[in-house]
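**Q** One letter stands for each residue in the lines below.
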Amino acid sequence: GDSVTQMEGPVTLSEEAFLTINCTYTATGYPSLFWYVQYPGEGLQLLLKATKADDKGSNKGFEATYRKETTSFHLEKGSVQVSDSAVYFCALSAYSSASKIIFGSGTRLSIRP
Amino acid sequence: DTGVSQNPRHKITKRGQNVTFRCDPISEHNRLYWYRQTLGQGPEFLTYFQNEAQLEKSRLLSDRFSAERPKGSFSTLEIQRTEQGDSAMYLCASSLDDPAEAFFGQGTRLTVV
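Going down the list, the sequences are from chains A and B. Start counting the first sequence at 1; every next residue gets the next number (the working numbering). Start counting the second sequence at 1001; every next residue gets the next number (the working numbering).
It should be emphasised that the hints constitute simulated quantities derived from the structure, not laboratory data. Glycine included, each C-beta is placed from N, C-alpha and C at the ideal position. Any given hint might turn out to be false.
What the hints assert, rightly or not - The following label-pair restraints were derived from C-beta to C-beta distances:
hint : chain 1 : residue 1 : chain 2 : residue 2 : range
1    : B       : 1084      : A       : 8         : 20 to 28 Å
2    : A       : 16        : B       : 1064      : 47 to 55 Å
3    : A       : 82        : B       : 1052      : 38 to 46 Å
4    : B       : 1056      : A       : 54        : 29 to 37 Å
5    : A       : 18        : B       : 1040      : 20 to 28 Å
6    : B       : 1076      : A       : 42        : 19 to 27 Å
7    : A       : 14        : B       : 1057      : 42 to 50 Å
To be verified - Taking lysine to any residue and the SDA-like style, the derived pairs with C-alpha atoms no more than 25 Å apart in a straight line are:
hint : chain 1 : residue 1 : chain 2 : residue 2
8    : A       : 60        : B       : 1101
9    : A       : 60        : B       : 1002
10   : A       : 68        : A       : 19
11   : B       : 1011      : A       : 39
12   : A       : 60        : B       : 1100
Isolated chain B (complex conformation) (with noise of 0.2 Å):
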């Protein structure tokens, strides 16, 4: 296992667009979590996945954001309707019991032209 693999790792999208990203995590990972960065900014927490259930979804997430994880294994998150200030690095996350000890992925960066 290569570590959590997200893809793609750069989309350029035109504003009003839907765009959806993938993210495999380490596979013996029950949680998934995806976070967003943006420019001289922490990552902000958007939703946490534990096996298939969605259990924990911030503010952050629009109605026009959704994240699915069908077979508790990959995930998804989509956006639609793209705006601009949507642009931003997506992260991925993947960990067994402690968020803490979470890995992440190099992220999807996002541009919303």
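Next up, chain A with everything else stripped away, as it sits in the complex (with noise of 0.2 Å):
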């Protein structure tokens, strides 16, 4: 069935650094691609998305584009702050069902001042 595998946590991080945050995907047809971010203490929140092959989704400087031939979906951001602190989620919307969506394991990001 479709799923979604992601880099295992913790990952700590020195402000400023280069952050990348592995996620492939095992999916029959075209599914849609997202990461979600769980922020301490709050629910949890769509980050950016991407529908088709070799789009790429961004927000708020974090970037993932659609790899269909690599069947990824990394998350990266040129420079973390302490407030990029929490969990991601990789996820996708399953072509069998468009109701719902297929989470990963999650991935807890520290960031160090």
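Assembly of the complex is requested from the two constituent chains, each provided in isolation within its own frame, with the hints serving as guidance.
**A** Right under this line is the structure:
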């Protein structure tokens, strides 16, 4: 079935470091791909999305490119801030059911000042 | 509107007891979703409503689980004869047409002892 595999955490970086969180997927058809973020004490929220191959989603300095050939959707940010500390989830919208989102297991990111 | 509201935030119950959780979605959202999240994992889809109709149920939703959305507004999730394996965070989300644009509540954490 459809699934998402993402880099295990926790990931700890210094402020202003470059961030990559790897994500690969398995899916039938052409899913939409997403990154969600969960800040401490808050609900899950959509960070960015891409709906077709070669699309780049971006928001708040984060970017991810839908790579069909490598079935990947890696999250990147050029210079992280302490406020980026959160849990990040890669996810896809299943072709077989457009009503649900399939999530990866999450990557906890901590940024040191 | 302050977003998706879930009550209670925490619930501790003895094995074998019944529990009920409530979700109040964003008022204009016609779609409502329930997910379950266990420690160290991403959310897993349980069920989805469009207005008052329950349109999809995961096989994770055993016979002991029932969800309702009687007037197409708030929803309840009931677990009968709770088991220790039911211990998890139960998340509710709501959206207009696109499930990826769903707003998530902060969840109800269930602990079965």
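**Q** Go through the numbered hints given earlier and state which of them the structure violates, listing their numbers in rising order.
**A** Going through the list in order, the structure violates no hint and respects every one.
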